[in-house]
Amino acid sequence: MPQSLKTLLQFFALCLIVFVISRLLIRSLPGDPIEFLIAETGSRIDADALRHELHLDRPLIEGLGADLVAFASGDWGKSLINRVPVTEMIAPRFFRSVWLGSISIFLALSMSLFLGVLAGSRQKNSPRWSLLVDRMGAVMAALPTPWIGPIMIYIFAVALPIVPPSGSWILPSIALALNFSAYWSRLIRVRLESSISSQAATAARARGVSETMVTLKYGLGPVSGALLAYLGSRIGSILGGTMITEIVFGWDGLGRLMLESVLSRDYPLFEACFFVTSTMILAGHFLGEALQRWFDPRIS
Amino acid sequence: MVRSTNFLNMFKRHRFLWIGVASWYGVSGVAYLYTSQTIDLERMLLKPTIGEWFGTDGFGRSLLQLNLAAHWVSGLFAFSIATLTLGFGLILGASTTFFKPSIEKSFLRLMDALQSIPFVLIALTLYATFGSSWLTLTLALTIGWIPGFWRLTYYRSKELRAQEFVQAAHALGASPPAIIRRHYLPHLMELAVTQFPNQFTGLLLAEISLSFIGVGVPKGANSLGTLLHHGSQYLIEAPHIAVTSGLPLTLLVYGLMRSSRNT
Chain A
165 MPQSLKTLLQ
175 FFALCLIVFV
185 ISRLLIRSLP
195 GDPIEFLIAE
205 TGSRIDADAL
215 RHELHLDRPL
225 IEGLGADLVA
235 FASGDWGKSL
245 INRVPVTEMI
255 APRFFRSVWL
265 GSISIFLALS
275 MSLFLGVLAG
285 SRQKNSPRWS
295 LLVDRMGAVM
305 AALPTPWIGP
315 IMIYIFAVAL
325 PIVPPSGSWI
335 LPSIALALNF
345 SAYWSRLIRV
355 RLESSISSQA
365 ATAARARGVS
375 ETMVTLKYGL
385 GPVSGALLAY
395 LGSRIGSILG
405 GTMITEIVFG
415 WDGLGRLMLE
425 SVLSRDYPLF
435 EACFFVTSTM
445 ILAGHFLGEA
455 LQRWFDPRIS
Chain B
508 MVRSTNFLNM
518 FKRHRFLWIG
528 VASWYGVSGV
538 AYLYTSQTID
548 LERMLLKPTI
558 GEWFGTDGFG
568 RSLLQLNLAA
578 HWVSGLFAFS
588 IATLTLGFGL
598 ILGASTTFFK
608 PSIEKSFLRL
618 MDALQSIPFV
628 LIALTLYATF
638 GSSWLTLTLA
648 LTIGWIPGFW
658 RLTYYRSKEL
668 RAQEFVQAAH
678 ALGASPPAII
688 RRHYLPHLME
698 LAVTQFPNQF
708 TGLLLAEISL
718 SFIGVGVPKG
728 ANSLGTLLHH
738 GSQYLIEAPH
748 IAVTSGLPLT
758 LLVYGLMRSS
768 RNT
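Residue numbers (our numbering), protein chains in the order written: chain A, 165 to 464; chain B, 508 to 770.
Okay, chain B solo, but in the shape it has when bound:
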């Protein structure tokens, strides 16, 4: 049975935040489906007004709609990769405690090495080899983010392995997968859920940075990074594009970071 104490606390303490985040992404999803990409040069670079809260961009498109749609693209991607990295990190971290000591040590060194490589370098290398695609971006961020969570689950699994109930299960002949499923998973799931906001915000900011410099999302996909890049190109004529592109993002990331630290 999965212990629910910590993540229920996390939701209860910051329920308005989580309701706000869910609502924001709900509206973003709808905006993504109905955002108009029609170019209207007569309305280009309009400042924020009552009718257009965020103003318009260099092609006359509503910045509010673009912002919401970009949040959906970036948020969905970050959510998927966070789930992937936490899942892989969890299974890998738990399994590592059952490796032979020599293999365990080598694996530790490999993860140390991977963790010290900046994700930007990994992304550039994969982009240089395989070109721009969702798969390249997924690989780059997964390779960059798994080692961090792997380390947490590895050390937690080692603590659990020293517990008497795990030793008893091992003595009774339980296989490593059975021990991981019955005894490790409930504790590690709690760790995964409390780490989720950190992973999500980290991945969101990483994808934005990579898309901003041009090695992130494939061409044609409008993410927050491409929107920020668009804002930087019109910085002098229309600074409102740069400002409005990042303000909701910053508030969202700040809120999520505060909620995960206060758990």
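The following block holds chain A by itself, in its conformation from the complex:
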């Protein structure tokens, strides 16, 4: 069986496991889940109707099967609070989260590559840049988002009103980018220092290739595959960081929707958000592995 088909089957199998876990959440509630939900949400829906809607009036396996069939046909259930299909609630928020995450990753990569190359290359000022990258990384890692977020909002939206205090992607994307680049810039610096000391790089210098070209071709080239694979494997922590940042900066993304669903006990909505988020994590993981194999055919 080709490797790509095997990987795809593994991905779908894991998505199925995640789906089953998400559907077991409501069944794990103490006592009668329906009574619990009606009491917690203050919903006026008839208990029997709700039980039928959530397939809780059937045995476990049958209920999970019915959930899967409904899910595959596009029926992901309705919110318990406002009776709107959860897909209509999730879709716009999902794209807002993807937008925020993409901008943040782009900014973080740009910053990290710039600082990492300056610090890791053999230019005259590299030791100073290396010290800056080191110190900056430590400071950024020590700054908790719940603290730096409100301070950024105060400085840039209240004291100097450059950006709106909430609903804008500028501040959260900068906060996320600074957080990510704290570690990424150090990673690039360390990998670059190692790869520009390789024999291929030394031979290139001996042939008269400029230090800039050696850094880019013999330094960054080998680093790219590892960096992309690392990004893929870190998609989970990127999503986690995005969730907190969305809540701090008031960005209406998937993370904020997930928190709202948990606090309002809207389980159908939470289960759907859980599935979407977990699938994104799995997709990032597999994509990272595939990219690494594509960049470096030696890796099986």
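A portion of the hints provided could be inaccurate.
Unchecked claim - Derived DEER-like restraints, expressed as beta-carbon distance ranges:
id	chain 1	residue 1	chain 2	residue 2	range
1	B	L754	A	D298	16 to 26 Å
2	B	L692	A	I209	55 to 65 Å
3	A	G331	B	R522	40 to 50 Å
4	A	G331	B	T556	31 to 41 Å
5	B	G527	A	G227	54 to 64 Å
6	A	L220	B	G565	35 to 45 Å
7	A	R191	B	S530	46 to 56 Å
8	A	L324	B	T556	22 to 32 Å
9	A	I209	B	S530	51 to 61 Å
10	A	D298	B	T556	36 to 46 Å
11	B	P555	A	R191	43 to 53 Å
12	B	T645	A	E199	20 to 30 Å
Bear in mind the hints are in silico, worked out from the structure with no lab data behind them.
Ideal Cβ placement from N, Cα and C applies to all residues, glycine included.
Dock chain B against the given chain A, drawing on the hints supplied.
Just chain B now, with coordinates in the frame of chain A:
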């Protein structure tokens, strides 16, 4: 006998930092016992002055006292969970090398999967199922943090298993628990102690993030996260609450991170 080289070095090189951290938490513990929660609306939202170094909050309470008490709650919790995760990770990582190859491989995949899940997602899921409690928070952070340290101890244990003295012990009929106790533990303890500052600061920041968004400490418990949340609510009228709530925390975390990286 436990080797003491690396963690003694860590303490010696940064002794003032460690004395400072110990003093800070000592004062925090005392503040926790004697912090006044009395509401005094006449003193609400006072800016930092000579009498009140950090100012007062929205209920007129001293922010310095609240800060110290919150540091004690969050610090004690992070310390407990760090000890728990390092202990479990150590035993689990060492034991995994003695599993059958098929079980070892499955365990590796399971830990990979757990490590890739963000702790926020785990915390939200557990909160949705079990509600808010110290146990829920403990479970969420333990599940999120064990895989990282497990990986370190697993690979270190594999290196040790290939050593001749371990192979000799195995050939002489020593049981896996005996091998772990006599031969693995001294090396793994060193790893655990040098990783402790990283685990502690990571868990501290994680608990703060979860408490800030409302799925962390149970209601009524005042942690740093709830204090930061309080600061964000008064951001425009009293920005000093937000600033003073996080400044000692940032300095503490920065210092601990620097000390662990320079070991």
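ask   = How does the Cβ-Cβ distance of L692 of chain B and I209 of chain A compare with 55 to 65 Å: does it lie in that range?
value = Distance hint for L692 of chain B, I209 of chain A holds at roughly 57 Å.
message = Tell me if the beta carbons of G527 of chain B and G227 of chain A are separated by a distance inside 54 to 64 Å.
response = Because 57 Å falls inside the window, the suggested range holds.
inquiry  = Quick check on a hinted range of 43 to 53 Å for P555 of chain B and R191 of chain A, using CB atoms only.
reply    = The hint (43 to 53 Å, Cβ to Cβ) holds, given that P555 of chain B and R191 of chain A are roughly 52 Å apart.
inquiry  = Can you tell me whether the CB distance of R191 of chain A to S530 of chain B sits inside 46 to 56 Å?
reply    = Holds, since R191 of chain A and S530 of chain B (Cβ atoms, about 50 Å apart) stay within the stated range.
ask   = Falls inside 36 to 46 Å, the C-beta gap from D298 of chain A to T556 of chain B?
value = holds (38 Å)
query = If you check the beta carbons of L324 of chain A and T556 of chain B, does the distance land in 22 to 32 Å?
reply = Because 26 Å falls inside the window, the suggested range holds.
ask   = Is 35 to 45 Å right for how far apart the beta carbons of L220 of chain A and G565 of chain B are?
value = holds (43 Å)
request  = Using the Cβ atoms, figure out if G331 of chain A sits within 40 to 50 Å of R522 of chain B.
outcome  = About 48 Å separates the Cβ atoms of G331 of chain A and R522 of chain B, which means 40 to 50 Å holds.
query = Can the suggested window of 16 to 26 Å be confirmed for the beta-carbon pair L754 of chain B and D298 of chain A?
reply = holds (22 Å)
request  = Could you tell me whether the CB distance from T645 of chain B to E199 of chain A stays inside 20 to 30 Å?
outcome  = At 28 Å between Cβs, range holds.
task = Take the C-beta atom of G331 of chain A and the C-beta atom of T556 of chain B, compute their distance, and say whether it sits inside 31 to 41 Å.
result = Holds, at about 36 Å.
query = Is it true that the C-beta distance of I209 of chain A to S530 of chain B lies inside 51 to 61 Å, as the hint says?
reply = holds (57 Å)
When held up to the earlier numbered hints, the structure conflicts with none and fits them all.
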